[in-house]
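Colleague: Below are the chains, spelled out letter by letter.
There are 2 protein chains.
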Amino acid sequence: MVAALSRGPGEILGRERIPTRTPEETIARLLSCFARASEEFGSPEALVVGTFGPADLDPASPTYGLITATPKPHWSQTDLLGPLQKALGVPAVFETDVAASLYGEVTWGAAQGMKHAAYLTVGTGIGGALLIDGGILHGIGHPEMGHMRVSRHAKDDFKGSCPFHQDCLEGLAAGTSMSQRWGIPAEELPVDHPAWEIEAFYLAQACLNLLMIAPPEVIILGGGVMHQRQLFPLVRAELLRLVDGYLAYEQLRGDLVNFIVPPALGDDAGVLGCVALGQRLLAGRF
Amino acid sequence: MVAALSRGPGEILGRERIPTRTPEETIARLLSCFARASEEFGSPEALVVGTFGPADLDPASPTYGLITATPKPHWSQTDLLGPLQKALGVPAVFETDVAASLYGEVTWGAAQGMKHAAYLTVGTGIGGALLIDGGILHGIGHPEMGHMRVSRHAKDDFKGSCPFHQDCLEGLAAGTSMSQRWGIPAEELPVDHPAWEIEAFYLAQACLNLLMIAPPEVIILGGGVMHQRQLFPLVRAELLRLVDGYLAYEQLRGDLVNFIVPPALGDDAGVLGCVALGQRLLAGRF
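Protein chains in written order, with this note's numbering: chain X, 1 to 286; chain S, 287 to 572.
It is worth saying that the hints were derived from the structure and are not from the lab.
Keep in mind the model is a prediction, meaning the values are calculated, not measured.
Backbone N, C-alpha and C fix where the C-beta goes; we use that ideal spot for every residue, glycine too.
It is possible that some hints are incorrect.
[As the list claims (entries may be wrong)] Derived pair list, reagent style PhoX-like, types lysine-lysine, alpha-carbon separation capped at 25 Å:
# : chain 1 : residue 1 : chain 2 : residue 2
1 : X       : LYS155    : S       : LYS401
2 : S       : LYS441    : X       : LYS159
3 : S       : LYS401    : X       : LYS115
4 : S       : LYS401    : X       : LYS159
5 : X       : LYS155    : S       : LYS358
6 : S       : LYS358    : S       : LYS445
[What the hints assert, rightly or not] Here are the in silico distance ranges between beta carbons for each label pair:
#  : chain 1 : residue 1 : chain 2 : residue 2 : range
7  : S       : GLU474    : X       : PHE164    : 30 to 40 Å
8  : S       : MET400    : X       : GLY266    : 51 to 61 Å
9  : X       : SER61     : S       : GLU310    : 53 to 63 Å
10 : S       : ALA355    : X       : GLY134    : 23 to 33 Å
11 : X       : HIS227    : S       : LEU317    : 57 to 67 Å
12 : X       : HIS74     : S       : ARG539    : 42 to 52 Å
[As the list claims (entries may be wrong)] Footprint (simulated), chain X over chain S, 3 or more residues, beta carbon under 8 Å:
#  : stretch
13 : 307 to 320
14 : 329 to 335
15 : 414 to 420
16 : 449 to 460
17 : 498 to 505
18 : 523 to 531
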């Protein structure tokens, strides 16, 4: 986890990376970061939490602010927002980490000024967020895009790594899946290894399903696996092949270099997105 | 196509079913229906078109009101809204047929009062619409849910019937696909034919992908294929199996009889949805 204090996008006053251990230990360390920062810079006016999921984001729910059922040991049903907000005593936003990253990219990055955008993060797991008409899409909870279903690559007989669904998107295409399938971590696979073509096949299907369900102006692909830049042209080419001229959107013309993009804010998208959400909260736009 | 004149949900003053032939012939017949209805009941105050897609729904676009690239002969790039609106001279709403059906169900049917709902129509093709925060989701166009990708049933080697994508959802699960796969129309297959289990497997994946991308309070399954009521318990059971306890939504507790539902307005959902959209337009809520 990253604790950060900011006065704006160019003014991150301090940040600290904290390993995610038990809830008690981790929350205590977050609180001590905030206490030290407050002493040095003054009390913050807003708190924004961009959390791993699944989490309850509905302020009207009795379990608002909690991590719900997660395979992460000790974290199921943990109140993450409560103790932080109690200690700081300021208005708060509780969002998913990937929605925060998306909001950062919409405010200062690759989706700047857009009304409709998608963000998929491909790391040890796969998460996703959608901006529709300028607002973060929640529906009755929040997207869990890693667990959508896609069709299998003809040359792939890996059973899948998702503990819940085996061969859902995450089970076939997350970093964990790649390292289980090939026996070495994804980042150690050569650039011309067949793994990348199979990976692109799955990620292109995820992009296609987003296009067919909630068509965005741009799809940002972030997370550790996407540090492998050779994936971008492969995903773009596969997506064009899958769409096969069916959709007339101008965003789909050409080679998709402006449609399937890396995060412009890189791995800072999450922290900067929380800053942007805090500014929006303080501007009264929630 | 159905032309209807209404004063409200209980007051459909008249309706007429018109076969979809060439644009010239079909639009001329729609216009003559409206002319006769206006003579008898007075001029209408609003026009609502719930059209097959793909169509340009963006009022700011130079091709607003047109059917865009469709495999339907003669209809590509046809201006459908223009001639109707010119003849009637009233404010108009241009929507997809499935979004109109969804809006009908939200106003008077199975999703009454809900903020987030989905509608999938499974007929000769497959279409879909989403209501998010009370508004119809467009993104940069409109959903084309029939063309999402899903994973194949282990016992299904049918190549798929979609002229664009072969084995996308529509290519594997639309009525056209069923009749090509089994050699007889879907409605002639016995209730206990293995076809229904395979069909339910694909439709449950479509529902799952909606849940993982834009989670709704309810998913309404309409269209000709869904007249086979034995499909509903099969889709519900398969969806529960696919979710496998991963999501904590209260909507997913029990046997899903209130989550995967038929349209309460039946095949009237489209016409009534257009009426509801017209009332919303006249109330100034667009």
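Colleague: State for each hint whether it applies.
Modeller: Now for the hints, and whether the structure bears them out:
{"no.": "1", "hint": "LYS155(X) - LYS401(S)", "verdict": "violated, 42 Å"}
{"no.": "2", "hint": "LYS441(S) - LYS159(X)", "verdict": "holds, 17 Å"}
{"no.": "3", "hint": "LYS401(S) - LYS115(X)", "verdict": "holds, 20 Å"}
{"no.": "4", "hint": "LYS401(S) - LYS159(X)", "verdict": "violated, 38 Å"}
{"no.": "5", "hint": "LYS155(X) - LYS358(S)", "verdict": "violated, 35 Å"}
{"no.": "6", "hint": "LYS358(S) - LYS445(S)", "verdict": "holds, 22 Å"}
{"no.": "7", "hint": "GLU474(S) - PHE164(X): 30 to 40 Å", "verdict": "holds, 38 Å"}
{"no.": "8", "hint": "MET400(S) - GLY266(X): 51 to 61 Å", "verdict": "violated, 39 Å"}
{"no.": "9", "hint": "SER61(X) - GLU310(S): 53 to 63 Å", "verdict": "holds, 54 Å"}
{"no.": "10", "hint": "ALA355(S) - GLY134(X): 23 to 33 Å", "verdict": "holds, 28 Å"}
{"no.": "11", "hint": "HIS227(X) - LEU317(S): 57 to 67 Å", "verdict": "holds, 59 Å"}
{"no.": "12", "hint": "HIS74(X) - ARG539(S): 42 to 52 Å", "verdict": "violated, 25 Å"}
{"no.": "13", "hint": "307 to 320", "verdict": "violated (count 0)"}
{"no.": "14", "hint": "329 to 335", "verdict": "violated (count 0)"}
{"no.": "15", "hint": "414 to 420", "verdict": "holds (count 4)"}
{"no.": "16", "hint": "449 to 460", "verdict": "holds (count 3)"}
{"no.": "17", "hint": "498 to 505", "verdict": "holds (count 6)"}
{"no.": "18", "hint": "523 to 531", "verdict": "holds (count 3)"}
Violation of the numbered hints given earlier is confined to hints 1, 4, 5, 8, 12, 13 and 14; the remaining hints are satisfied by the structure.
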